[in-house]
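Asks: Residue-level listing of the chains:
Protein chains: 2
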Amino acid sequence: MPVTPARLVLHEVGLRDGLQMEHASVPTERKLQWIKELAETGLDILQIGSFVHPAKVPQMADTDELFRVLTAPGVLPEGVILSGLVLNEKGLERGMAAGVPMFCMGVSASETHSRKNTGMSVAEATDRIIAIAKLALSAGRGVQVSVQSAFGCGYEGHVPEERVLSIVRRYLDAGITSISLADTAGHAAPDAVESLFAAVRNLDPGAELTCHFHNTYGMGLANCIAAQRAGVTSFESSVAGLGGCPFTKVAGGNVCTEDFVHMLQRMGLRTDVRLGKIIAVAQDVAAFFGRELPGMVYKTGTLTSAV
Amino acid sequence: MPVTPARLVLHEVGLRDGLQMEHASVPTERKLQWIKELAETGLDILQIGSFVHPAKVPQMADTDELFRVLTAPGVLPEGVILSGLVLNEKGLERGMAAGVPMFCMGVSASETHSRKNTGMSVAEATDRIIAIAKLALSAGRGVQVSVQSAFGCGYEGHVPEERVLSIVRRYLDAGITSISLADTAGHAAPDAVESLFAAVRNLDPGAELTCHFHNTYGMGLANCIAAQRAGVTSFESSVAGLGGCPFTKVAGGNVCTEDFVHMLQRMGLRTDVRLGKIIAVAQDVAAFFGRELPGMVYKTGTLTSAV
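Top line first, the protein sequences correspond to chains A and B.
Numbering-wise (numbering that gives the first Met the number 0), the first sequence opens with residue 0 and increments by one.
Numbering-wise (numbering that gives the first Met the number 0), the second sequence opens with residue 0 and increments by one.
Chain A on its own, in the form it takes in the complex:
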């Protein structure tokens, strides 16, 4: 009997990772509109903000409000999960109060990146994230933990697999089994992706694995396919490929949601997703920012009969 392939989970992170670099402030009303539209497309999880200090990332200042509005009964279709990023205890408190159903949090595999971002060593940051994750889990919230710079680091370059695996082991030992490996700097190539995710699956074949790639060097979709081959079932991506630096010509955004869904649908996967509606949001996002965004399918049109 052939194995039924696992249903692939689509985690849209455009409203968080996509917007946090954008300096043009997006009004809360506009965010609400995009989120409501995306919630009707069949995407599974929408990451809509980050509980970071508003002075640090003004674009994320309305995160609490977004959760309060959108988690009210009947606002979004049944089954759509909202996720939010937290960096520390204070963020978790805010997120708990705002009713966040799923928390995302992580540490960097790079000592330099970790110290620059958190002032802590990787080991210390891991202790802290595990403590926060346990608090969220004991409150009945969903939790996904991540390892950032898992495939390389802008400061340190190569990141050895064992460094990533030692963090993953600590997550698993703490009973946290939803794990994302993030290619924060866009360094991943397909062979490294397949190798590292296979090694993680070896640690716990039952872990729920997520990948998070940036398309800085054009390898984003190739890396997603490599991840899928290694047993990854959940994919983070960003509408219109948002997430690059808006002040350069560099199209280094997240893997583009509609480009990824288009590829999946060409392969007969996730044909339930309403690609045409995602594309409409991508076009609206590009119009809002008044520039061409990295996504390709929203410009070229699709080969599938997008609805």
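It is worth saying that the hints were derived from the structure and are not from the lab.
Watch out, some of these pointers could steer you wrong.
In the SDA-like style, the derived pairs of lysine to any residue whose C-alpha atoms are separated by at most 20 Å in a straight line are [as the list claims (entries may be wrong)]: (1) B:Lys276 - B:Glu36; (2) A:Lys298 - B:Glu291; (3) B:Lys298 - A:Gly153; (4) B:Lys298 - A:Arg290; (5) A:Lys298 - B:Gly153; (6) B:Lys298 - A:Glu291.
Starting from the structure of chain A, add chain B where the hints point.
Replies: Using the frame of chain A, we list chain B on its own:
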């Protein structure tokens, strides 16, 4: 003992497939400069023109001259192979006279595409191409035959695998074993790529397989990886990702050579290729056309120490 992976062959087609859609005429001197620069990068084969009627594709009118100049002894480094596209007997005659070392030629797997391009059915076009290929082979020239629209057709949509395989069988029966499958309309997705090339390998495990993808929907590099998994050892690509339609915003060019080489080198493959020199040509090509071309790495820079 681990199997030594086959050396991957890089076939640059920017000067032919990349330029033929461009209306801005590229002076012969400029082409010669680009070709000479590319010939010093370690790319294996350079496709520099097409023996089509000059009135039909004025950009290719200097193809005979390019071959005559460049095949003179000592003009290009040893070992670099020049290839040229021929469509018919007249083209072959011109190519023979111009000293073409390697001929590329093909038929479409789509009846509609075949009739529109050649006025012939697929079966008739296959007869003709096999006859031309045999002439070239018997003259001691290299020959690569292709199946165009192998993964889908702009007119007919889906192209069944069996239609492609029946053409490949005819090539193999005629003793022609260097075979390229071309995704002329950018329809290929990784699962179809892997499946079709595996089926071709099944017909003749010794055949030398080449892939030719366009990056219309962002799947180009993912398709190259899928092809490599299925045993493809030769890859056609275009410097700067040339090959899209210059009058639209659509970045639907060929797979970009320097993006592909960059990915390979991240995977430890073809580290002999001088990526930095390819990037320099890409930048010069983009400057010549005065617009941003689809390639990413020539804009972002590289993660490898490109030389």
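Asks: Does each hint hold? Answer for all of them.
Replies: Quick rundown of the hints versus the structure:
1. As the CA atoms of Lys276 of chain B and Glu36 of chain B are separated by approximately 7 Å, the hinted pair is consistent with the 20 Å bound.
2. Among the hinted pairs, Lys298 of chain A with Glu291 of chain B is consistent with the structure: their alpha-carbon atoms are about 15 Å apart, no more than 20 Å.
3. Restraint check for Lys298 of chain B and Gly153 of chain A: satisfied, since their Cα atoms lie roughly 17 Å apart, inside the 20 Å limit.
4. Distance hint between Lys298 of chain B and Arg290 of chain A is fulfilled; the C-alpha atoms sit about 17 Å from each other, no more than 20 Å.
5. Proposed proximity of Lys298 of chain A and Gly153 of chain B is supported: the alpha carbons are some 17 Å apart, at most 20 Å.
6. Pair hint Lys298 of chain B plus Glu291 of chain A holds up; C-alpha atoms about 15 Å apart against a cutoff of 20 Å.
Violated hints: none; the structure is consistent with every hint.
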